[in-house]
Amino acid sequence: MSESDMEIIKPEVMKSYIWLQTADGSIQQVEEEVAMFCPMICQEVIQTGMGSSKNFAISLPQRVNPANLSLILDYCRFHQVPGRSNKERKSFDEKFIRIDTKQLCELTSAADSLQVKPLVDLTSRALARMIEGKSPEEIRETFHLPDDLTEEEKLEPLRNTTDDMRIRLLNRLYARKRKELKQKDKLKDVEVEEDRVDERSVDDLLSFINGDGGSKGIRTAKHKKKNRRRKDQLKDALSNNVSDSVEVVFVPSPSRTSKFLDLSEDTFAPKVDFEDADIDDELDPAMKEELDREVEDFARRLNSDWPERMQEILSLGQDKRRVPISINGNGSLQRYPRIDRR
Amino acid sequence: MELGRASTFDVISTLPRVVIDAILVRLPFKDAVRTSILSSNWRYKWVTIPHIIFDWQCDPTGIPSSNETLKKCVNIVYQVLLRHRGSIHKFKCVNYLPSCSDFDQWILFLSGHGIKELILEFSCGDIYKLPSYFFSCQELYNLRLQHCIFKIPQAFEGFSRLKSLYLCDVVISSDELQCLISKSPLLESLTYLDYGYEHTCPKINIPDLRYLYLGGSFEVICIENTPVEELGMHKVLCCLRNVEVLRMHNQFLKFLAVGDVPEMVPNTFGHLKNLSLDVDFENGKEILAILCLFRSSRRLEELEIRACFTDSVDSDSVDSDSVVPWEAQEQRVCMLKHLRTVTMDHVTGNNSEIEFIRLLLANSPVLKTLTIDTEIYDFVSEVMFLRKLIRFRRASTQAEILFND
Chain C
1 MSESDMEIIK
11 PEVMKSYIWL
21 QTADGSIQQV
31 EEEVAMFCPM
41 ICQEVIQTGM
51 GSSKNFAISL
61 PQRVNPANLS
71 LILDYCRFHQ
81 VPGRSNKERK
91 SFDEKFIRID
101 TKQLCELTSA
111 ADSLQVKPLV
121 DLTSRALARM
131 IEGKSPEEIR
141 ETFHLPDDLT
151 EEEKLEPLRN
161 TTDDMRIRLL
171 NRLYARKRKE
181 LKQKDKLKDV
191 EVEEDRVDER
201 SVDDLLSFIN
211 GDGGSKGIRT
221 AKHKKKNRRR
231 KDQLKDALSN
241 NVSDSVEVVF
251 VPSPSRTSKF
261 LDLSEDTFAP
271 KVDFEDADID
281 DELDPAMKEE
291 LDREVEDFAR
301 RLNSDWPERM
311 QEILSLGQDK
321 RRVPISINGN
331 GSLQRYPRID
341 RR
Chain U
343 MELGRASTFD
353 VISTLPRVVI
363 DAILVRLPFK
373 DAVRTSILSS
383 NWRYKWVTIP
393 HIIFDWQCDP
403 TGIPSSNETL
413 KKCVNIVYQV
423 LLRHRGSIHK
433 FKCVNYLPSC
443 SDFDQWILFL
453 SGHGIKELIL
463 EFSCGDIYKL
473 PSYFFSCQEL
483 YNLRLQHCIF
493 KIPQAFEGFS
503 RLKSLYLCDV
513 VISSDELQCL
523 ISKSPLLESL
533 TYLDYGYEHT
543 CPKINIPDLR
553 YLYLGGSFEV
563 ICIENTPVEE
573 LGMHKVLCCL
583 RNVEVLRMHN
593 QFLKFLAVGD
603 VPEMVPNTFG
613 HLKNLSLDVD
623 FENGKEILAI
633 LCLFRSSRRL
643 EELEIRACFT
653 DSVDSDSVDS
663 DSVVPWEAQE
673 QRVCMLKHLR
683 TVTMDHVTGN
693 NSEIEFIRLL
703 LANSPVLKTL
713 TIDTEIYDFV
723 SEVMFLRKLI
733 RFRRASTQAE
743 ILFND
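Which chain is which? The protein sequence lines are C and U, in order.
Per our numbering, the very first residue in the first sequence carries number 1; after that it's consecutive.
Per our numbering, the very first residue in the second sequence carries number 343; after that it's consecutive.
Keep in mind the hints are simulated off the structure, nothing from the lab.
Some hints here could point you the wrong way.
[Said to hold, decoys possible] Below, in silico cross-link-like pairs of lysine-lysine (DSBU-like), each with a Cα-Cα straight-line distance of 30 Å or less:
| # | chain 1 | residue 1 | chain 2 | residue 2 |
| --- | --- | --- | --- | --- |
| 1 | C | Lys90 | C | Lys15 |
| 2 | U | Lys432 | U | Lys493 |
| 3 | U | Lys679 | U | Lys615 |
| 4 | C | Lys95 | U | Lys710 |
| 5 | C | Lys87 | C | Lys15 |
| 6 | C | Lys134 | U | Lys434 |
| 7 | U | Lys372 | U | Lys413 |
| 8 | U | Lys525 | U | Lys432 |
| 9 | U | Lys615 | C | Lys90 |
| 10 | U | Lys525 | C | Lys134 |
| 11 | U | Lys458 | C | Lys117 |
| 12 | U | Lys413 | U | Lys458 |
| 13 | U | Lys414 | C | Lys95 |
| 14 | U | Lys615 | U | Lys493 |
| 15 | C | Lys102 | U | Lys577 |
| 16 | U | Lys615 | C | Lys117 |
This is chain U alone, in the form it adopts within the complex (with noise of 0.2 Å):
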């Protein structure tokens, strides 16, 4: 009787597939295998959830230590798979074991099932070689990848639908990386990151990027297989002229900023929406450079900037004060008038940091919030700091400093 009541109230359990599968995705992966054991209907309805996630809430102990522990996970991973019916859109795997050879039967079994966004992330000291299987995942579409060796193989066409590249700490070469973007046509978004291997130059040839980030020590950047330095700003802004959002952490300004910085690029970079840059506030010419993105682009709407010290004692670096005429730079300068959130970090209170908030907080006026994260040890220097920047003209009535600490 009680079971009479119950099976005209269970509605959930009759919803179609698609409606379950939605649900079981926006559980947190363990919760959705965990309802085989609801009930008899139930058991079976997680087998065709699209995504499958091994991460910290799998196993918020971490990465297994002992022998025993890493065979049950890596047991674990292997029924999962099996039970698994339907083709799998999304594996993620991230920080939830070592890299093992089990891996390479699990990209196998993945490259069968048509999958489509692949996140393998590594921790720090370990490494994973991707195994010539991985190659053939011709429907992968995102691919985010840290701690891995990347070995293309001679017949390796590329991945057609790839459109989104993550790749973090990865041992591949500028050619193999050249080889791999030009291979995707679809590639839109790009974020390499290199923090600890060698140092791969890499070459940006992407005419429909959107998203671009490079993090990094890079010593040079080449983008259409010429070295920065030797286009010029207008060159390389031509070829980021899709690029909806730029993150570039390291000293890609000091690239731009060789030769003669122009006042602006005229019909380029309409698109972008979101600058990061670190900038060398004691560098005329890369301030030069900066002012010359924000006038070539219109549509800026979020900033963050870094100031950060170079210590190239560059023919080039040019005093900041004696090459920037600040006072001429505010008439010159084109409104930012979609810039509405700055972030400012490692800001030491130097005049020419002190100048450009000046020239920000003076022409964008739909600025919602400026936030500085200063780095003035000295109250009284931070003081002073704060007295000049309470003087500051702001074109938006909406503006908000605020500081972090």
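Extracted from the complex, chain C is given alone in its bound form (with noise of 0.2 Å):
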């Protein structure tokens, strides 16, 4: 009934089209064998015999838009001749997936709907690529990523109990920082190995590689050498922000710090072995060279890469990100309203 309409309207074309309609109402026709390398057009088909005419399309699934569609369709049409060699394919795969990473993302999810399974295999490892190897930094940047984790939150695997507290004061600590060159914006010429140091940290933390002593022996030593170099310019940098005013500092109270001295190592360099850091919760301008030359002094003291942690952090605070702080639940003095992540 159907396919008679269609040979009175088309009666020279000896090809079969099946009609596609996409969640935006648009329809087009595609021939049939090259709809037919889709497994879900293929089912629609023989289970419910659509796709025939204009006014019985097929609806595809809401994640195939009309470009990705025409993009599948594409894929299908080279793939399904039979007599094409490995060779072909293969380049024709490697160009095919030279685009732009929204759209390698938003293909994929429509190959997977209509569970056009090679090339959904050939998409997500384009996109594991992308992610393969590469420092969390550049695998934001690539994807658009915000970094809306606490220092905390990516500790979070190896927390123990004794470490929270180390965690929280610096995570406080590195906010304020950050908050405040953010708005000097001058430590441009401070240089950092981002990945490095960030790698050394997610490793060191997640214990995932190298987590023992013999390499990490190494890197702490090269560290402490550009320690140094990088103090004195922390040293600098801190001294020029004397003046700024203050944000928000969250301190603990004295009777929490001389619980510092009883942490176990674990993840942070053996090492480690911190006076009563006498912080107290004062804000007024005046302490603050104090608590500058403190907050030094108790990184110095941590775990040897904490001053490149802290490069790093200054450097991105460059950027226009959301300053996560956290909160103790202890009832320390918050003199500043808290900035709710999320």
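With the hints in hand, could you dock these two chains into one complex?
Here's what the structure looks like:
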């Protein structure tokens, strides 16, 4: 019935076409052998008999928009020809995935909803290649991901109760520093090996590779040398900020400070020993200088890569990112409103 | 504002879970887990990853030696397993940790999470006894073990879905192997390598087998509970009639060649595509056996021959030159119509080998490459060998002869 309609309309055409409708309502017709390369369409045609005419067009899943559909159909059109050599197919595939990242993601999603397995394999491999071996910063940049995890959350997999306080304190100090430098915008000449530093902290703290003595020891030595250079830079940077107003500071009460002495090292370098850091919750600009000095002192006494961490965060502070600040549930003073993350 | 823009373009985080899993699965496992620090959205995206893989990529320094690093590695596995959500399709731990009792816990965990592919390889010198809960992993379809002890419990009902079995240097008795094989009705691929331990006699009794690889020095191979030599070529090839890939790096041909070697076994071996054997070119009967194999397998596409020497002073082994009428063979051997690749290892350039190569070249019209790895240390002999090779007529115009150094 609908077939004879088709014949009347196009009597000279021997090919048969399948009608497809995308989520936005537009309908197009596609050669049958090309469309049948997609298992989902094939199934629809066989099970429900739809697609034979414009009125009975197969409605495609929502994730398939006209742009994706045309790409997918190009793929199908090429690969459904049986006589092609492996070489030809490979080089077609390589050219095919040279598209914009956003488009590639959407294409993967569309191919998955149409169940075109070889295309899903091709596109997800391409996306995996973009992630593999890159540092978190690079990945975030490629895919425009927001960097909205606190340091604490990044370290979470290895958190023990004793590490909590340390991390939280540092969180606060970093947050403060970040905000200051965001406004100052002065540290463009701070050289930071972001990749290496970040990798180090992630590795260290996630303990996935080389988290043991050997290589870590080597790294520690190397960092120590760089420490001195950077510490000077840091000193300069910090001294420049003396006159800034303070935004937010969270400070633990003295009683908690003493707990630092009992911390087991675990993930951080073993030779950490810091005195009772005399950190008051004083917020006058006058005290700020002392606070700066103490931060630096504190950082120096910790794991040797914290200065690099700070550098990295300081320079990253130039991006307009949300500054995550963790809140101490035990009621430390909050003079300034806290910023919600999320 | 930056964030506002970011969320507009952040397409990847909104992809459906199956797609994200497809991407993460194609990353090295460590990278996949590390995506948890990318952003708040990505924190728990990795936990549904279907494959959990611990291998050299997770720890390039190799198996941990000190206690501390060992504890850390063990901890990592625990943390990964505990955080994981959903069923675990594949678990692979290859040379990442030495065997320890924690593996028992992990296998118990996996058996409750529908494990389908299990790959456990321990390094040389190490050995791990599989716990009893291993045998209750009913969803297994791919199993690969190295350096384990396999002790089948009484109540074992078999792995009803097992399709592919790979055992390398696994301590298992031949009866237990037989039991395992017979209770796996879907078994299609069997690899049994035994380079170190007791030379168990494997008993092959699988009608649907498609891939068979036996390696090691077995004294006896049994097919259907009868040693191969008593079966003769006919029966052996009949038992293996569905095999598509056959690799036997032991004296399989020797076993086959016992008794009378027929010219051809009709209607068998029609599926064989890939053949890899050790041949003793001094033993005429083995050559007859392999020629018989050629005639019986119409679809052979890839051939790999390793020339070896058996020191057997078998009364059966006859000098090849007298037994194999090479000229006549050339006429009678059926064309190896689909043979495309041939590799020959340890070629020493004796007469028998040369005639064999001549036969191959003259009878394979679609041959693409013949790769020869010679063990001729004398330059003059090598030149003589090459000179003879050049003369041979080639049925295939595309054929290339390559030499490996």
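Structure-based check of all given hints:
| no. | hint | verdict |
| --- | --- | --- |
| 1 | Lys90(C) to Lys15(C) | 28 Å, holds |
| 2 | Lys432(U) to Lys493(U) | 22 Å, holds |
| 3 | Lys679(U) to Lys615(U) | 12 Å, holds |
| 4 | Lys95(C) to Lys710(U) | 29 Å, holds |
| 5 | Lys87(C) to Lys15(C) | 29 Å, holds |
| 6 | Lys134(C) to Lys434(U) | 24 Å, holds |
| 7 | Lys372(U) to Lys413(U) | 18 Å, holds |
| 8 | Lys525(U) to Lys432(U) | 22 Å, holds |
| 9 | Lys615(U) to Lys90(C) | 24 Å, holds |
| 10 | Lys525(U) to Lys134(C) | 46 Å, violated |
| 11 | Lys458(U) to Lys117(C) | 20 Å, holds |
| 12 | Lys413(U) to Lys458(U) | 27 Å, holds |
| 13 | Lys414(U) to Lys95(C) | 43 Å, violated |
| 14 | Lys615(U) to Lys493(U) | 35 Å, violated |
| 15 | Lys102(C) to Lys577(U) | 60 Å, violated |
| 16 | Lys615(U) to Lys117(C) | 27 Å, holds |
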